[in-house]
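**Student:** I would like the entire structure built from these sequences, with the hints used as guidance.
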Amino acid sequence: MNEGKIIRFYREKNKLTQEQLGRGICSGTHLSKIERLHTEYAPEIITLLSDRLGINIEYELTKLNNIKRLLNHWQDVIIMQLFDEMDLINQELEQEDLIQISDYKNLYQLLRVRYLLMHGLTEDALNIIYEIQKKEHKLSAYEANLFKHVLGIYYLAKHENLKAIQALKSINETDYNNKEYTYHLAVAYHSIESPVMAYFYAEKSRQFFKEINNYLRVIDAEMLMLIQVKDDGDFKESIQRFKKLIKSCELCNSPDRKARVFHNLAFEYFRRNNFELASKYYKESMSIKHKESGPYLLSLEGYIRSSLNGSILPQEELLQLAKEGLETAVKKKESLYINLFNLLCYLIQDKEQEYHRFLCDQALPMFKQFGFVYLIQRSKKELFNYYIKLKQTNKALKMAELLINHEKKACHFS
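Residues 1 to 414 (UniProt numbering) are what the sequence shown spells out, left to right.
Please keep in mind that the hints were generated in silico from the structure rather than gathered at the bench. Only a predicted model underlies this, so the values are computations on that prediction, with no experimental measurement involved. Each residue gets a CB set at the ideal place from its N, CA and C atoms; glycine is no exception. Check each hint, because a few of them may be wrong.
Taking CB as the label site, the calculated pair distances span [claimed, not checked]:
{"no.": "1", "residue 1": "Thr39", "residue 2": "Lys135", "range": "26 to 32 Å"}
{"no.": "2", "residue 1": "Thr122", "residue 2": "Lys398", "range": "31 to 37 Å"}
{"no.": "3", "residue 1": "Ser140", "residue 2": "Glu58", "range": "27 to 33 Å"}
{"no.": "4", "residue 1": "Gln91", "residue 2": "Lys398", "range": "55 to 61 Å"}
{"no.": "5", "residue 1": "Ile212", "residue 2": "Asp97", "range": "30 to 36 Å"}
{"no.": "6", "residue 1": "Thr122", "residue 2": "Glu352", "range": "33 to 39 Å"}
{"no.": "7", "residue 1": "Lys291", "residue 2": "Glu352", "range": "28 to 34 Å"}
{"no.": "8", "residue 1": "Asp76", "residue 2": "Thr122", "range": "21 to 27 Å"}
{"no.": "9", "residue 1": "Lys138", "residue 2": "Arg271", "range": "45 to 51 Å"}
{"no.": "10", "residue 1": "Leu37", "residue 2": "Asp97", "range": "18 to 24 Å"}
{"no.": "11", "residue 1": "Phe235", "residue 2": "Glu324", "range": "28 to 34 Å"}
{"no.": "12", "residue 1": "Glu131", "residue 2": "Gln349", "range": "43 to 49 Å"}
**Tutor:** So, in structure tokens, the structure goes:
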């Protein structure tokens, strides 16, 4: 019965009325019923209508029937993060007009959002999200849960981690068999510094990736699990696990993942005050990343802080790096990095008063808005020490109270 839908699509594409197309073949009323799938019809009529439209109806039916298969394959490729194949399928689907009349138009739009987000095109993705929200009530159970997954990924891209958790936790696994969402849930919990929950969902995602033989994503899950373990002892076991992950990235020819491993290893050295090795691995991570990307800016911020704390680079060079980072962040409209590099500029120039004023009035409210727990806690500790130094006891006590309350909430939440 899809013949009628195809006839209508090409009739409208050719700007013909039903009477014009049906002239000498069938009445406009009968054609209307064929197009709306409300009547039986002789095969000869479809053949004549197809000839007049200049289409091969069997070929068009095959294309329409293949759309679901192609979309399912596209989703598999997206989960596997096979970017070259992902791009080829996207090009094929962009040229497939019949998606507009298929039963899988909503699925295509949802997967299109995922594709755009994987390429960092958040604004384009948001435009489609708005369109999907208008017809959310028409989505199938699977599509509705895929939409929640897509929203979770979008919120992660926008650093809105609490919203991401809310969206992802509402997914019903009975109606949605893609447990990849547990990885994104683990990332969200990691971002709000809830290590127990992050480890729990990362382990679930690792099991899922193993089941589908997706070894690149297994690396992602294991990386996430590793950085939840706060090994403050000799660190030897964790270092060996980091090195193993680096080797796995090399064997799988995945430089992007290798860059993430270097970044996380650098942070582990940074929080142990080994600024020399932290600086080294942040720089290793930066060397693999695109200079205008968010991940590069994050590693650059870590590299500058490590080099500053360890007196590794001269002040002039550090300030130049911070200004370059700020310029890129402004160009990319990345509010997180705009705040971080502004703070670094004040810090490098020993502008203590300006630094803490900016931290209190601009940066900390932004960190709170998006749930950057690590940055929130770091900022509160810095402000507490600053207020103690200035003997502003009331402000210091307020910061101390906020820090204590956070620790209590974190223990309960985990």
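**Student:** Take the hints in turn and mark each one as holding or not.
**Tutor:** Checked hints:
no.: 1; hint: Thr39 x Lys135: 26 to 32 Å; in the structure: holds (28 Å)
no.: 2; hint: Thr122 x Lys398: 31 to 37 Å; in the structure: holds (36 Å)
no.: 3; hint: Ser140 x Glu58: 27 to 33 Å; in the structure: holds (28 Å)
no.: 4; hint: Gln91 x Lys398: 55 to 61 Å; in the structure: holds (56 Å)
no.: 5; hint: Ile212 x Asp97: 30 to 36 Å; in the structure: holds (32 Å)
no.: 6; hint: Thr122 x Glu352: 33 to 39 Å; in the structure: holds (36 Å)
no.: 7; hint: Lys291 x Glu352: 28 to 34 Å; in the structure: holds (31 Å)
no.: 8; hint: Asp76 x Thr122: 21 to 27 Å; in the structure: holds (23 Å)
no.: 9; hint: Lys138 x Arg271: 45 to 51 Å; in the structure: holds (48 Å)
no.: 10; hint: Leu37 x Asp97: 18 to 24 Å; in the structure: holds (19 Å)
no.: 11; hint: Phe235 x Glu324: 28 to 34 Å; in the structure: holds (32 Å)
no.: 12; hint: Glu131 x Gln349: 43 to 49 Å; in the structure: holds (47 Å)
The structure agrees with every numbered hint stated previously.
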